[in-house]
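Asks: What follows is the residue order along each chain.
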Amino acid sequence: MSALAVRVAGIGLWGPALAGWPASVAVLRGEAPADLSTTQKPSPPLLPPAERRRAPETVLFAAQAAVEACAAAGLSPGELPAVFGSAQGDIAITDYMCATLATAPFELSPTKFHNSVHNAAVGYWTIATGCRAASTALSAWTDTVGASLLEAAIQAHDTQAPVLVAVYDSAAVGPMADPIHHDCGFAFALVVDVDDPAAPGPRLVLEPLDGAGATEPDAAWARELRERNSSAIALPLLAALAGTTERRVRVAAGPGFVLDVTVRP
Amino acid sequence: MPQRQSPLAISAYTVTCAAGRGVDALAAALAARRSGLAPNDFSSVPLACHVGRVAGVEDTPVPAAQAAWDCRNNRLAWLGLSQDGFLDAALALVARYGASRVAVVLGTSTASIGATEEAYRTLEDGRFAARFHEPLLHTPHSLAAFVQAVLGTRGPVATVATACSSSAKVFAQAERLIRLGWADAAVVGGVDTLCDSVLFGFNALQLVSPDPCRPFDAARRGISIGEAAGFALLERGDAAPGAPRLAGWGESSDAHHMSSPHPEGLGARLAIADALARAGLTADAVDYINLHGTATPANDAVEAATIAALFPATTRASSTKGWTGHTLGAAGIVEAVICLIALERGFVPGTLNCVDPDPVCGPQLAVANEARAPRIALSNSFGFGGSNAALLFAHAGAA
Numbered sequence: 001m002s003a004l005a006v007r008v009a010g011i012g013l014w015g016p017a018l019a020g021w022p023a024s025v026a027v028l029r030g031e032a033p034a035d036l037s038t039t040q041k042p043s044p045p046l047l048p049p050a051e052r053r054r055a056p057e058t059v060l061f062a063a064q065a066a067v068e069a070c071a072a073a074g075l076s077p078g079e080l081p082a083v084f085g086s087a088q089g090d091i092a093i094t095d096y097m098c099a100t101l102a103t104a105p106f107e108l109s110p111t112k113f114h115n116s117v118h119n120a121a122v123g124y125w126t127i128a129t130g131c132r133a134a135s136t137a138l139s140a141w142t143d144t145v146g147a148s149l150l151e152a153a154i155q156a157h158d159t160q161a162p163v164l165v166a167v168y169d170s171a172a173v174g175p176m177a178d179p180i181h182h183d184c185g186f187a188f189a190l191v192v193d194v195d196d197p198a199a200p201g202p203r204l205v206l207e208p209l210d211g212a213g214a215t216e217p218d219a220a221w222a223r224e225l226r227e228r229n230s231s232a233i234a235l236p237l238l239a240a241l242a243g244t245t246e247r248r249v250r251v252a253a254g255p256g257f258v259l260d261v262t263v264r265p
Numbered sequence: 001m002p003q004r005q006s007p008l009a010i011s012a013y014t015v016t017c018a019a020g021r022g023v024d025a026l027a028a029a030l031a032a033r034r035s036g037l038a039p040n041d042f043s044s045v046p047l048a049c050h051v052g053r054v055a056g057v058e059d060t061p062v063p064a065a066q067a068a069w070d071c072r073n074n075r076l077a078w079l080g081l082s083q084d085g086f087l088d089a090a091l092a093l094v095a096r097y098g099a100s101r102v103a104v105v106l107g108t109s110t111a112s113i114g115a116t117e118e119a120y121r122t123l124e125d126g127r128f129a130a131r132f133h134e135p136l137l138h139t140p141h142s143l144a145a146f147v148q149a150v151l152g153t154r155g156p157v158a159t160v161a162t163a164c165s166s167s168a169k170v171f172a173q174a175e176r177l178i179r180l181g182w183a184d185a186a187v188v189g190g191v192d193t194l195c196d197s198v199l200f201g202f203n204a205l206q207l208v209s210p211d212p213c214r215p216f217d218a219a220r221r222g223i224s225i226g227e228a229a230g231f232a233l234l235e236r237g238d239a240a241p242g243a244p245r246l247a248g249w250g251e252s253s254d255a256h257h258m259s260s261p262h263p264e265g266l267g268a269r270l271a272i273a274d275a276l277a278r279a280g281l282t283a284d285a286v287d288y289i290n291l292h293g294t295a296t297p298a299n300d301a302v303e304a305a306t307i308a309a310l311f312p313a314t315t316r317a318s319s320t321k322g323w324t325g326h327t328l329g330a331a332g333i334v335e336a337v338i339c340l341i342a343l344e345r346g347f348v349p350g351t352l353n354c355v356d357p358d359p360v361c362g363p364q365l366a367v368a369n370e371a372r373a374p375r376i377a378l379s380n381s382f383g384f385g386g387s388n389a390a391l392l393f394a395h396a397g398a399a
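The listed protein sequences correspond, in order, to chains A and B.
Numbering follows the UniProt record's numbering, in which position 253 of the first sequence is assigned residue number 253; successive positions increment by one, without gaps.
Numbering follows the UniProt record's numbering, in which position 260 of the second sequence is assigned residue number 260; successive positions increment by one, without gaps.
Isolated chain A, as found in the complex (with noise of 0.2 angstroms):
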């Protein structure tokens, strides 16, 4: 059969309310409050304070996330295989390039251009880590994270190995905001590898659903969060792996295509 097991080696969180995991569990098990008014910026220690300055947003918020999740496996980010998945990549930067090639398609910068390609935040990781494994750059819109999800846990399978995925999305900018109704950042990450009876973590075992709809997040603040940023459609998931008991999720992967997850946290 299909069931894929993995063991959850690490974990890293950032958006409103959510700080870094260890900050966010009790938020996602509904012990402390959740103040989504504010986001602290992502200042992931990987790039150097230049690179952090001029790195696009989503560049900042997938680090953030893969970083603490590599940490948190006591991994060499380095080593592992990345999966990035993103519904729309870097907002501010397809604003940038459409409004200057609408009035002065001549003075584009080539850097904002390389940095327009959707795998630049996993092409920065990469570079970053030192990383020469496969990485790659996934999107399935308001699928993307049941999408990643997925690969990475193949991936796994496949290499026998950790694999590192992370999906972020950032706000919208300027008439963007029409169609995307994004505005703020956020990104997760994982660490998941082939399960070690031995090992420490939660484990996730997906097996494919038809037809079935996502479980709903429980909480107000997840359900207005997830409307603020198509990453947060992970919110269910985390609550699960911040929990004290096993559970079932179920994660949209595609169009009538869900996956069952069962967590044991």
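Careful: at least some of the hints might be erroneous.
To be verified - Some chain A residues flagged as far from chain B (calculated, every beta-carbon gap over 10 angstroms):
#1 Ala32
#2 Asp35
#3 Pro45
#4 Leu47
#5 Ala50
#6 Ala71
#7 Ala72
#8 Leu75
#9 Val117
#10 Arg132
#11 Val173
#12 Pro175
#13 Asp195
#14 Asp196
What the hints assert, rightly or not - Pairwise CB distance ranges, derived in the manner of DEER restraints:
#15 A:Ala199 with B:Arg4: 37 to 43 angstroms
#16 A:Ala71 with B:Arg4: 32 to 38 angstroms
#17 A:Asp218 with B:Gly56: 37 to 43 angstroms
To be verified - In silico negatives: residues of chain B with every beta carbon more than 12 angstroms from chain A:
#18 Ala32
#19 Pro61
#20 Ile113
#21 His133
#22 Ala149
#23 Ala283
#24 Thr314
#25 Gly350
#26 Ala368
#27 Ala371
Simulated from the structure, these hints should not be mistaken for laboratory data.
For each residue, glycine too, the CB sits at the ideal point set by N, CA and C.
Based on the hints, put chain B in the right spot on chain A.
Replies: Then chain B, alone, in the frame of chain A:
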């Protein structure tokens, strides 16, 4: 090193690019050395260069059921699906295995960004006009979402957007899904269309050639940008014994620079080595290599030295971007199909527009077309961000 894996059957394939609409048309253009490149008549303001523009995209609206997603990229996707009987073959595949057992994994670099650019050129009081409010016109996933809707699949679906390696990496992702039991078959491929973003973006990087691109020529001056759509069906080998094979794949990262290749081609070497290991082959088994060969000074110098170091003189290698232009996120599938044409029709395309090969090129470089019968073909695809993919294809009788 990865373990050897079972080859998959490529039971149908198609391509539409500037050099031809459908496999027969492209094969004929390759044989006749007839380029699809022409002076740029596409960009919103004039830019002196050559492009590989597909004729008739404007006249091919998407099906009424997907009208909300109508844009140049999805029009080219639809035009591409409609060639070589591919749409019927894909729908039959979905009927045979069931909608939930067929994956759709497609690659693109810029997807429908042309629609977003148009929205910015036609702002009304600083906001998008109503016809641009559909969110699926403004996400990289617009391509796979459109094709998935057309085919009615309910299995794994994703858009891979790793710049110019995108539609090569889809073969790897789909092969894993099939081998690990999450799909019985997959529709793979990629589509990229001409847009201001890439024309003026590569222009800003000073990587656009004023004349038609000349891969591996000593006097090459950069890329000619093209557009293309291509698709293939992957199934387990026993489902189509006479079909050509996906024998192996390799993926790697350069960890070097966002827009320049690693100077020693380290990432490329890793991807090629992985593909050979997964296919259970050594370099001397490779008869033909379709090179990434973009005609930028840096790519071709690094790639030529890499090929000269890794492969025997008997291996034939060429870049076909003189016919198609660099189709960016679609380059992987276009050049996969050219490898399949070489394997199934028994010929090696040369390197169009290469007159005076760079001295760094090894004896492998095929400048003229050659009448041969390659059995094993390798396709290289390298993208911004240091994203590398290598694919190995085999004649049905060779795997």
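Asks: Each hint should be assessed against the structure and marked as holding or not.
Replies: Here is what the structure says about each hint:
| no. | hint | result |
| --- | --- | --- |
| 1 | Ala32 | holds (33 angstroms) |
| 2 | Asp35 | holds (28 angstroms) |
| 3 | Pro45 | holds (18 angstroms) |
| 4 | Leu47 | holds (14 angstroms) |
| 5 | Ala50 | holds (15 angstroms) |
| 6 | Ala71 | holds (19 angstroms) |
| 7 | Ala72 | holds (22 angstroms) |
| 8 | Leu75 | holds (16 angstroms) |
| 9 | Val117 | violated (5 angstroms) |
| 10 | Arg132 | violated (5 angstroms) |
| 11 | Val173 | holds (12 angstroms) |
| 12 | Pro175 | violated (5 angstroms) |
| 13 | Asp195 | holds (15 angstroms) |
| 14 | Asp196 | holds (18 angstroms) |
| 15 | A:Ala199 with B:Arg4: 37 to 43 angstroms | violated (28 angstroms) |
| 16 | A:Ala71 with B:Arg4: 32 to 38 angstroms | holds (35 angstroms) |
| 17 | A:Asp218 with B:Gly56: 37 to 43 angstroms | violated (52 angstroms) |
| 18 | Ala32 | holds (35 angstroms) |
| 19 | Pro61 | holds (21 angstroms) |
| 20 | Ile113 | violated (7 angstroms) |
| 21 | His133 | violated (5 angstroms) |
| 22 | Ala149 | violated (7 angstroms) |
| 23 | Ala283 | holds (20 angstroms) |
| 24 | Thr314 | holds (29 angstroms) |
| 25 | Gly350 | holds (31 angstroms) |
| 26 | Ala368 | holds (35 angstroms) |
| 27 | Ala371 | holds (37 angstroms) |
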